[in-house]
Every structure is written in C-alpha cells, then in structure tokens.
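Counted the way this note's numbering counts, the sequence shown spans residues 394 to 508.
Misleading hints may appear alongside valid ones.
What the hints assert, rightly or not - Label-pair restraints from in silico Cβ distances:
{"id": "1", "residue 1": "468", "residue 2": "500", "range": "42 to 50 Å"}
{"id": "2", "residue 1": "471", "residue 2": "397", "range": "36 to 44 Å"}
{"id": "3", "residue 1": "468", "residue 2": "414", "range": "23 to 31 Å"}
{"id": "4", "residue 1": "414", "residue 2": "504", "range": "44 to 52 Å"}
{"id": "5", "residue 1": "435", "residue 2": "468", "range": "23 to 31 Å"}
{"id": "6", "residue 1": "417", "residue 2": "451", "range": "15 to 23 Å"}
{"id": "7", "residue 1": "506", "residue 2": "442", "range": "28 to 36 Å"}
{"id": "8", "residue 1": "411", "residue 2": "503", "range": "42 to 50 Å"}
{"id": "9", "residue 1": "424", "residue 2": "444", "range": "19 to 27 Å"}
Please keep in mind that the hints were generated in silico from the structure rather than gathered at the bench. This one's a predicted model, so the numbers in the text were calculated from it and none came from an experiment. Virtual Cβ for every residue (Gly too), placed ideally from N, Cα, C.
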Amino acid sequence: MNFWEKVTGSDITKDLKAFELRVKKLPADYQAAWEKINIHLWPHSDFTGRNLMPILDGVLDLFEETAADGQSVQEVLGDDIKGFCLALAGEEGAKSIRDKWREQLNNSIAKKLGK
394 MNFWEKVTGS DITKDLKAFE LRVKKLPADY QAAWEKINIH LWPHSDFTGR
444 NLMPILDGVL DLFEETAADG QSVQEVLGDD IKGFCLALAG EEGAKSIRDK
494 WREQLNNSIA KKLGK
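Generate coordinates for the entire structure from the input sequences, incorporating the hints supplied.
Shown next as structure tokens:
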C-alpha cells in the first residue's frame, strides 16, 4: 500500500469491493448474516476502519469454508450474531469509536474544570 492509497482510503474500498464479490458467491443465508455482521462490527472500528479488514477477511474465509462443507449459517454462528461480533471486536462491552470520543471529551472537560 502506498501513501496515496493510505490517505485516500482506496485500499479499503478495493478490499470491500473484493469482499462483496466473494459474498455474492455465498448462499442467501450467509449473505444476510454478512450484512448483520457488518452492521454490528463497524461501530468497533478505528477512525479508518483498517483494523476491521483482517477480521472481516477471516469471517469471510470461515463463511466460504463452512458453506462449502454444506453447513448452514445457523450452525456456524448460532442465534446471537451481535454476541459473535462482540467476541470478534475483543470482548463483550467493547467500546465503539463514539464511546471512546465521549470518554475523551469528558476527560478534557473535567481537566478544564479542574476536577
């Protein structure tokens, strides 16, 4: 990855397009689970989203392998997709970027007020 790709984020765009092409080859239930995983996982990304690329690639690899084995997405993930995403993000109760910014703002205000 060169500097320009890093600055513009075109490397992430390329990766996401490649992921979507791979997802289209999966059965419909896997595609629906992929959408739910994206919804639950992206709030745990850093500012650029680069920290999620290896995680998303690993999930997609898991989906491709289990779909090839004939397993349903229910057998792979169970009923709790949100819990699966929290486990991928680190731990249950993992902070989103919004939570981190809120904490930084509160700390800054507390410093200014002398508390």
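These are the hints, each one checked on the structure:
| no. | hint | in the structure |
| --- | --- | --- |
| 1 | 468 - 500: 42 to 50 Å | 44 Å, holds |
| 2 | 471 - 397: 36 to 44 Å | 42 Å, holds |
| 3 | 468 - 414: 23 to 31 Å | 25 Å, holds |
| 4 | 414 - 504: 44 to 52 Å | 48 Å, holds |
| 5 | 435 - 468: 23 to 31 Å | 25 Å, holds |
| 6 | 417 - 451: 15 to 23 Å | 19 Å, holds |
| 7 | 506 - 442: 28 to 36 Å | 34 Å, holds |
| 8 | 411 - 503: 42 to 50 Å | 44 Å, holds |
| 9 | 424 - 444: 19 to 27 Å | 24 Å, holds |
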